[in-house]
Amino acid sequence: MSKRIPAHEGMLCHFIKHARPDLVKTIKRTQKIETIVVGLGRQGTRHAGLMQEFGTTVTAGIAPGRGGQRIHETIPVYDTVKECLEEHPNIAAASIWRHYTTARDATLEVIKAGVPLIILITEFIPLRDVRDILVAARKHKTRLFGGNTPGVIFPPEGIKIGMLPDVFYPEEMRPGEFGSKGVTIISRSGAILYHMSDGLASAGIAQNAVLGVGGDGAIGSTFRQLVPIAMDYENTDLVVVAGEIGGSQEELLAEDIKANPGQYPKPMVALITGAHAPEGKTMGHAGAIVAPGQEFGTFKSKKKALKAVGVPVVNSQYDLIKEVKAKIKRKRYFEIDRYYEKMRLKWEEPPKKPSWGTITTKVAPNSLVISGYKLEEIIDRSTLLETAHLLVKTELPAKKVLDGHHKRAVKAALMAAPPVTRFKGEDISQALAKSFLMDEELSQMPQAGKDGPVNKTIFALGRFARYLAHILGTEAALDKATVKEPFANVIYRAVTGEEKVDPKRSRMVEAMVVASVDHGVTPPSAQATIIGASVRPDYAMAVASGIGAITDVHGGAGAKAAVFFQTCVAKTEKEKLGLDKATEAVLKEYMNRGQRVQGMGHRVHTQDPRRDALWKMVEKNGLAGSCVAISKMVSDIFEQVRAMSLPINVDGVIGAIVADMGLRVDLAKALFVYGRVAGLSAHYFEEIASQSQMRRINFAEAVYKGKELREFPR
Amino acid sequence: MRLYEHEAKKVFREMDLTIPKQYGVIHSPDELDGLKLKFPVMLKSMVLIGGRGKAGGIKKAANMKEAKAKAKEIFSLVIKGYPVETVLVEEAASEAGACYVGITTNPVNFNIIAMASAEGGVDIEQVALERPEAILRKELPANNTTLPQATASQFAKFLCKGLKGDKALEKRLADAVSKLYATYQRFDCKVAEINPLMITKGKKVIAADAKVVLDDNALYRLSDLFDLLGVREARHDVSEPTRDEVRARDAGFTYVDLLPENARKQKDKLYVGLVPGGAGYGIFSIDETANIGDRFFGGKVVPVNFMDSGGGPPVNRVAEMFHLLMDKEIVDIVITSRFGGISSCDIFIRGLIKCLRDRHAKGMRMLPVYGRMVGTDLPSAKAFLEKAKIETPEPLKDMVIVVGNQKIMADIIKAGLKRGFELKGKKVSKTKTKVITKKKAKPKKRAKAKKGGK
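Residue numbers (my numbering), protein chains in the order written: chain A, 1 to 714; chain B, 1 to 454.
For reference, chain B alone in the conformation it holds in the complex (with noise of 0.2 Å):
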């Protein structure tokens, strides 16, 4: 879990860390005028997502007019896709010089890894790849709470050098780097890292920027934190969760939305909500999904979800997890897979017929559902599907759920498809008719889309 520039800046105050004057968080230019302030001052958008300033969302104001002229351009922003909703005012700290400290692990062979250079600011990582000397990074396989005195030392010096420190600055910059390892190690940080580190003509050192990646596996201890920074939910990396996401949260089973919560439907896209089994291959799933929809029915194929229903699911969450995907507008059929090692046929047979007679019963959306099952318990899901289809075959009548494991899945998902277009196409429009399957017609295009988000 990423955290705002202002949440990150409060975790460093609160580890001693010196950073520039707070004036407050805005949501619009209006708000500027609550704020007592002291001119320069810094308007920062809060986004989840690097280089703002390349995007016009960091920007110093010198007097009130300036500022709300700037507040608004900076507002009216939309950065890597993501819209500027809040705005950090704070002091325009006087910059003499500014380094670039970071702590990470080393997803080689997952050791903690500090990096400094004197040559901070937005450019840190072009001078990674054209001059590697200019940063010093050292590996640290020990794991200690604190940083050694001597290690802080050697950085300290590697910074001082570069910015033609005296003692005294020299001693501050190893206090600022062991302070962000405390940082990040006291509250489980995936990355810690202050961009640019400012030294003051005062020679004080700011930590002008700040970023902090949470370790999403340690949220459970950091109570603390959450209370600091009055946070109650988690959230992504990059963004805030989506409100299904919520809703799956809350029903105790893991979901991630694919498409933008608004996203607009185009007609003749099949979208494929995913009813999956276990994390690995929900996220195959999603990959089969598009494959076999690229191979044989025109790259016209749109899975909208991810879904983990957790080992071992009750009926009632097999259940929410097809209300959740038939209450989706943008969907158009529910493909479906239980391989029960951990997990039962029976009780996941049991949740999704339980959903679609309770739809039919209330006059809901009810969606084509197209699956296999195969593992545990299949006898008695068996015979309660077979019985379920001669008590209730109108709400049963779109759904297909292949027993056994005759067809491997990727079969299943290319049925699954073939029915879904041509379920589509009698609801849909008389005069389409079935979409052609093997005519390559422009699967590059998600790639492309896809490469513009970065």
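Bound-form chain A, shown alone (with noise of 0.2 Å):
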């Protein structure tokens, strides 16, 4: 729903303020409540998604074990609370989804962390691990909601602790506007709560707040607490209390209300449940029951108890509705029609479509950005190894990061290369990811913990070089690197086998492969590597796969394109035509003898944003030469030859910078690959991070849900 009233302002900051004072300063300055979701079992994972899509700020998961990890691909997992908190300083509230056996242990680490507020949804807790709980709780002035609570749920600002569906109606000020006053719900038990909001609703009551206390018979919060906290709170009109048989909050309440009174200044109205059910048998709740020869816990002594200091009790949704109305003098929130409209769309809303998220890449027609940053800038601004940490991690690395990337990179470049060898005419990917499977260093590399990913992922760029230089035959040059240098001329070493490095062409090199790092999940290359990642091969394994997917096909045009290219060129020279005239000679061979001119298309651009900051970088430099010439107008030619728009792409732009270096022609496609190593890795790490193992995958059901676009910051 659209205007939500500010966080600060809500009955759950009220909450939060006398709990932590402290915290309610930030959640001023950031609008933001921060929660955790403690226990990520299927019941834990989904509502964390529901929560968030109701508005609630999810920041993280707990699971021990799991630590690294994302539920909901964004959601980051911690294996405990105090690491958590280490990131996270502002957490305010918990829901807890253990199991009862575990939930104990749970609830007291969140409690001994510090988090102010708990939701223990768990329910089931046996009663003397719920006394451990309270008493931890106590020391720590743990403000406890539950177990076996629902939830406790805000409309007015949007927020949600718990799993109550989105079914109350707050105050609409106008039309998708909403306002914070209400009567507040507090309840033993959940699904009366629907029943009782879908009553009040029908006459135009709004709720502001919606607490679950919790259907165990020992609970961290009873009415007693709650309702002088809520009654506290400006905004709300009226209490509604529902409780039910069993135990002695209602009679305790009532008692507080005697004793003082002027805890409870606004009006309130009890519904109690249970005035049917027989003695000694547990009905669903373990906390309604009525125990046999007991003097309180009836529905009489409820009922009694509350009635004799003021409080009307009702036993049914018509009464209910009539005392309320009377209690809050007919005052109306919001048009009914409003309400029933809004639930009509809910429950009419087709379902879902499908998809699962990336954080890595977004893609869209001209334009591609990781984590937030445009390629394009990425090119110009950035080395590999910085862009390769930015895949892992979403963010740039700190200077002191970046030279322990460099020194690893360059360690990993001088190590020996695996025995691989090249049959004759074998593409240089499959060679490539040979030499991945057999490097023993590689898979001997960690990649567990926090920086394991990113780690081993710059180890691999390192021992890219190696194996580059192995397969190419300069290892020579590589052989000479040293620490000192830019890792841009150990790629270069590797790539040209010159030992005297040019930085202008070292970096034109390193520029060429940051274009290639990623393209999203959708490139054949990566849907290998994350087929793969989902049965958690070892890391070589899916990178690998994702490398022999690189072909001509994908990824390998720019020899061919460079081999065009330099066709132009030659014809140029020999005929003494001008470049475009050649171009246009050449283009026309090639239609006629039914060849396709490699290098141009693209299924999602048609204005490569890399191709321009390639050619940018190429001019800069000086490198530029006729086959980036001719690159820049083999569209407009080929349109006017063959009437079809064609743009070139960026393997044909690395094909014609590689040409005009004078590279190897069958580079292009090397450093392609060298580029994508970084983008499969991130893509594997994501996979085995965020997805469940062997899930069905469907990647045209794939969104971007990663950072939004940002400044670069350099």
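Among these hints, one or two may not hold up.
Okay, the calculated bits of chain A under chain B, using three or more residues with CB under 8 Å as the criterion [to be verified]: (1) 196–210; (2) 246–256; (3) 274–282.
It is worth saying that the hints were derived from the structure and are not from the lab.
The C-beta atom is built at its ideal place from N, Cα and C for all residues, glycine as well.
Join the two chains into one complex using the hints; note that each chain is given alone, in its own frame.
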């Protein structure tokens, strides 16, 4: 729903203020009330997503042994609450979804970590365990809702913590704009809440907060503790207390109203359930049981106690509506039809299209954005190692981290190559894939822990220089590399076999590698790696699968494009034609032979952003020659010859640059593979961190869920 | 779950608390012949409800003849509605003093509370009311697994003073209190109580009675206790589960009978089976049905069950929920509500229709169904319902499911009850026409009957 009230003005913040006043300032500033989800089984994981959809800030999930993973592709998972709070110190609330056999330990952990508000969803926690939880909560002054609570929901702010469905209707000031006034419902049961809310909404009565205290016998917060806080909130007009048989919290509430009337300044209506329940039989809620022979805990004892202090007690929907209406003087908070309309729309919504998310690269026509940064800017300003870090970690590395990466990569490049021989005529990507699979050094590089994935990626990029040098026979030049020179030089040595490195040329080569790093999850190479990763093979196996998918059809057109440009240039010289005429002539020859010109056309882009960035750089570095010139005009010429618009693509531009730099043409593909190792690496780690094993993958269903577009920091 | 006395005593023995010699548990007076008895003996009715002594369910016998006669008397008793089916036979200890020791949870703040009084016996409740100073209560908020030594001796001193005992007795009492506390924590009890804790003439301390109520939430980790007792199934605090309660449990949902298993059906009343959603609304819908019955149908409406599907039930479980009620002879109509927040309307309606079609095909008893569904998956549920009505009109002719929330559930229940009476009128008798609404006829009766049951 659209316009919500500010987070710091809502009832949830009011509750946090009672427990942790210091957090309120942060909430006011950030307008975010950060929550965590503890226990990521089926329910916890599902509701983490539903809470997020509703508007709750779900900062992290907690599941031992799953640290470093992500749920719903974007919510980071930590092994412990403590680790989470080190990264996210402003966590204000936790919902706990663990099984009743482990809920005690999990809850104690959250309490001890200092989270001020806990929503304990778990039901059926043994009484002895609950007592341990209560001992700790008292000590740490934790506000605990539950166990066995459906959760809490704050319709005006659009925040819920727990599993309550989004059926509660807030005050509506103007269509789509919400206010903070209403009645507050505090209930022991979840399902009753829907029917109460439905009944009240059918009379135009808004709910500004709905709090489930929990259906178990022993719970963290009772009516006596919660009602005064709710009444203290200025926008609450009335409190509905929904109690049931069993326990004595309704009786205790009545006692407290009598003893401290000043704490109950607002009207109240109590709905008590279980008037017709038999003694001694537990009905769903462990707490809802009438103990035989006891004076409290019965419908009658509760009704009597509350009536005696002036609280009307009802036992039916009709009476509830009647009493509440009377107490708030028939006030209407919204047009009733709008409630029905909202519900109808909600229920008639077609089921959501299945989708899954990726946070690496956002791909749109003529736009490639990695973790919020435009790829053309990255090509221009960022090194391969920085870009790899960005891909895996979604942020650019700090200087110190980058230094570490640099050393790691150079060291990896200087280690001996795996014993791979390239067969005669073997595709270079196949030989490189083989190198990955044969590399013992790489397979022994650990990948666990917070920085395991990025470190392994960096190591692999270092190793790649060695594989390339081994295959191309340039190892002598690479052996002379040192940590004192930029990694671009290391790449350049391996690629060219030149021992003297011209910084402009090395930077140009690196830029071509960076331009190739990633294109989201849909290219065949990424798909191959992701499908591989879904069954959790070794890193090298999954990345090699992706590399193997880079062929002349995908990613490897550069070499053939280079040959085309060289043919055009040769014709210029031989037949003394202008570049345009020569190109036109060669194009026609290709057409007559029924031969495709490689390096043109793209599934997504008409103006590939990588293309312009590379052109710019090749010119800036004074490396552009005739091939680059042709690459810039070939599309127009093609359109004249063939009446078809076919833009030059990144492979084509790389081919042209490689040709103009006088490098071996088959390097065009090798450079593409080099860059793509970083992207494939990121997809491998993303898959294992955020998706379930052996899932069914439909690549058309992928959506980008990563960082939004942002300014490049330098 | 409450344990029978003889079971609770086994638990005590396991925890090294002294109990009277147990001769055996009998199901008829004749079984006394098979026991090796040393008279006098105690005969104690095994029912899960307090106040047995006052009802004549506990008797002492000096010889076999007397034992048989008294056992016969006890077996003929019905204590607070529960017939005596088993009798415990145990040693009758010579009593020199009796006190009370109990551990439970304080309902106010959920702390453990330990209580003791030197004036144990059947009138402990009376003592509590009239002379609270005769009872020592101590809250133990730390939730330790064992009772701190200091607290144990505080209780022992208090008891010993009342009993005028010596240091040796004090030590034994401290020991008994500690062991009871340890039992409470070790076996996840809600209540662990000894009344009377008997002091014999030989100054021995014996748990002459034993009350143990286990925490239902902890039963999963009490398999060793179940093994010890030879108990297979959990039971209610006051009774064994009924046949349908077991059937429901096996099918994976919670169900509770509100009427005794063989309740006699009164012809002019409408017996309503309920398939609500959620535990809380499960209880509430019983009230709502009864209230609307009282208010608009002259108090002639009897809800028969509690039910809770649990979150997100599959189609077959939903079908079984309706099957169970339709197999119940006493039920006249089923009223149902689906407010799908988490559970799906689609699965609900498929389950319901599957049940009706299956029953129709097999010629089983069909009951009218009335209800409402709103919430998740409503469009597909609605489409399925409309199609089903066209495809198989016959099995669905007495099913009315209102789609959407234009009417609140109370209105739906009211309309359902009206229809129930109409259909019942048609079927049962042609002479008796509609039950007239809004006439206030003996709505108090049910409340009274309930009071008697306490």
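Now for the hints, and whether the structure bears them out:
1. Using a Cβ-Cβ cut-off of 8 Å, 3 residues of the region 196–210 of chain A lie near chain B, which meets the minimum of three, so the contact claim holds.
2. Evaluation of the coverage hint for the region 246–256 of chain A: fulfilled, as 3 residues show C-beta separations to chain B shorter than 8 Å, against a requirement of three.
3. Counting residues of the region 274–282 of chain A whose C-beta lies closer than 8 Å to any C-beta of chain B gives 9; at least three are required, and the coverage claim holds.
In this structure, none of the earlier numbered hints is contradicted; all agree with it.
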